[in-house]
Amino acid sequence: MKLKPFLLKVTFLLLVTSQFSCTEIDSNEPGALVPKTVDQDATLPSISVNGTMLHSETFGNPSNSMVVFLHGGPGADYRSGLNVKQLADNGYFVVFYDQRGAGLSKRHDKNSYSLQLILDDLNAVIEHYKTAPNQKVFLFGHSWGGMLATAFINKNPNKITGAILAEAGGLKWGETKEYLEKTKKIELFSEATNDVLYLDQFLTGTKKQHEVLDYKSAIQSSFSYAGGNVEGIEASSPFWRYGAVSLISLTEVAEKDNFDFTTNLNQFQKKVLILFSENNKAFGSSYAQKQANYFPVHQIIRIDDTGHEMIYFKWNSVYPKVLTYLNSL
Amino acid sequence: MKSNFYISLIFLIATNSFSQNINWRSLKNEQKHIISLNIGLLYGTTIDLGYGHKLNTKLPMILNAEFSTSFGDTALDDFKTKIGAQAEVLKIGGFSTTLKAYGVFRRFENDNAQLLNFGSELSAVSGYYKSKWYVAGEFGFDKAIVTHIKHSDVLKNYYPGIKSGWYIPTAGNFFYGVQSGFSLGRNDLNLRAGTMATQDFKSTPTLPFYFQIGINRKI
Chain A
1 MKLKPFLLKV TFLLLVTSQF SCTEIDSNEP GALVPKTVDQ DATLPSISVN GTMLHSETFG
61 NPSNSMVVFL HGGPGADYRS GLNVKQLADN GYFVVFYDQR GAGLSKRHDK NSYSLQLILD
121 DLNAVIEHYK TAPNQKVFLF GHSWGGMLAT AFINKNPNKI TGAILAEAGG LKWGETKEYL
181 EKTKKIELFS EATNDVLYLD QFLTGTKKQH EVLDYKSAIQ SSFSYAGGNV EGIEASSPFW
241 RYGAVSLISL TEVAEKDNFD FTTNLNQFQK KVLILFSENN KAFGSSYAQK QANYFPVHQI
301 IRIDDTGHEM IYFKWNSVYP KVLTYLNSL
Chain B
1 MKSNFYISLI FLIATNSFSQ NINWRSLKNE QKHIISLNIG LLYGTTIDLG YGHKLNTKLP
61 MILNAEFSTS FGDTALDDFK TKIGAQAEVL KIGGFSTTLK AYGVFRRFEN DNAQLLNFGS
121 ELSAVSGYYK SKWYVAGEFG FDKAIVTHIK HSDVLKNYYP GIKSGWYIPT AGNFFYGVQS
181 GFSLGRNDLN LRAGTMATQD FKSTPTLPFY FQIGINRKI
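Chains A and B supply the protein sequences, listed in that same order.
Reminder that position 254 of the first sequence reads as 254 in full-length UniProt numbering, one-by-one numbering, no gaps.
Reminder that position 9 of the second sequence reads as 9 in full-length UniProt numbering, one-by-one numbering, no gaps.
It is possible that some hints are incorrect.
To be verified - The calculated lysine to aspartate or glutamate pairs, modelled on EDC-like cross-linking and capped at a C-alpha distance of 16 Å, are:
| id | chain 1 | residue 1 | chain 2 | residue 2 |
| --- | --- | --- | --- | --- |
| 1 | B | Lys150 | A | Asp26 |
| 2 | B | Lys150 | A | Glu57 |
| 3 | A | Lys36 | A | Glu24 |
| 4 | A | Lys85 | A | Glu57 |
| 5 | A | Lys106 | A | Glu57 |
| 6 | A | Lys207 | B | Glu30 |
| 7 | B | Lys202 | A | Glu252 |
| 8 | A | Lys281 | A | Glu252 |
| 9 | B | Lys163 | A | Asp304 |
| 10 | B | Lys202 | A | Asp109 |
To be clear, the hints were calculated from the coordinates, so they are not data collected in a lab.
Pulled out of the complex, with its shape left as it was, chain A reads as follows:
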């Protein structure tokens, strides 16, 4: 066999097979690793408010009392909170939206975030959907969403009819920091910790490479429900997209601002419902009581046999408590 024709054949074969076996995907390609956002996919339900586009859906009669669901994170989305739409069957107008930079809402640069901006977004969402000046408005916040609800009430005590806080991480930065230290504890020899750390040699992205960072957060989300997790989370719960830049930015902002969402809560005279789960070891009844004490009128309810993701995994237990509370106001 002559060498030159043989090499040509091998080269040709390699070129052909490489086209079929190894088509490379750009990790920054929209929609490849994480779903497209509302500015990239016009078929998604959205609203344009406060200089951004938010992924948003509503259920129920718009003239009914409004319940605005605030998801956790920051950076997560409302997909695992969709059980709350059942309240529409009970005469409530249920509003969902993915917060700025989170879920399917439009992404923004890391330096553009502030707590005030996120509060302004919430105010804009309420105003967007409000059909009458005297329409009742309830906030239903889970985790970070509970913190956001409290921050809004602290600034606007007369705008809100009532609030349900499901394990808000902390109402002051110091408390939030303590909660995070309990829940994000690094255990050097654990599978969950090493899975988070080990991934950094496979995927890195600049603060502008949102898709890569979002996907990385999605992979790392298994840390939160790993076996023996402190928050008692049973398993993975559905999500669209973790907004990594939103999470990083708002965490940095929260630390820098050293926030305190409790300074004006004594002006809020409506009853607040505090929910906590039986299996979240980082929360518990004493922490629930501590948060409740910031509100002049409050009620505390424990949801049994579940953890931090009680709205997804134990909605059948959460739902009657929430409905009774809402109907009482």
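Based on these hints, arrange chain B on the given structure of chain A.
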């Protein structure tokens, strides 16, 4: 348990294992084989086994093969292999500079995805070396060139449009720090520590530093 397995492994082979940070001045002509064991923090808590073969070349050179894996409940779901070489390219008195180049293959798996990566690691180590000890600085770049991502059924269920396949580019991290070692006969004790930064130098890995302790056995 994976961790119990590794702890047992360390005790079993500690007296006969070694590290791949080379003190050229302590390496004798007849010593051709270097076996190493490192344990420490490098993208997680990891253990690293290595083998080096010294070549009979004018330029002092060692071919290396290394295998490392992270601790956890699932054995060998996350690992990294390196094959390459290091050469002492400069020697002035006690001062010496070594260049290292490796091809890298690594694997990651958890509930959400399985990643297979081909990459490279290039580094330079420069310092002062005596027959019994050395101290040096190191600077290197660890590049994940192309990564095959296979998403789990969970992620595919959440987002049916997600694409499995070869992704490019994926990652790159710089590392820089110090290393030091002490030689006792055929054995060397080595320490290595430093910090890391992503390739744009604007952020860091979640674990922004590394620390390794290891031993070499020269045969």
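Point to revise | Hints that the structure is at odds with (numbers, increasing) | key: 2, 3, 6, 8, 9
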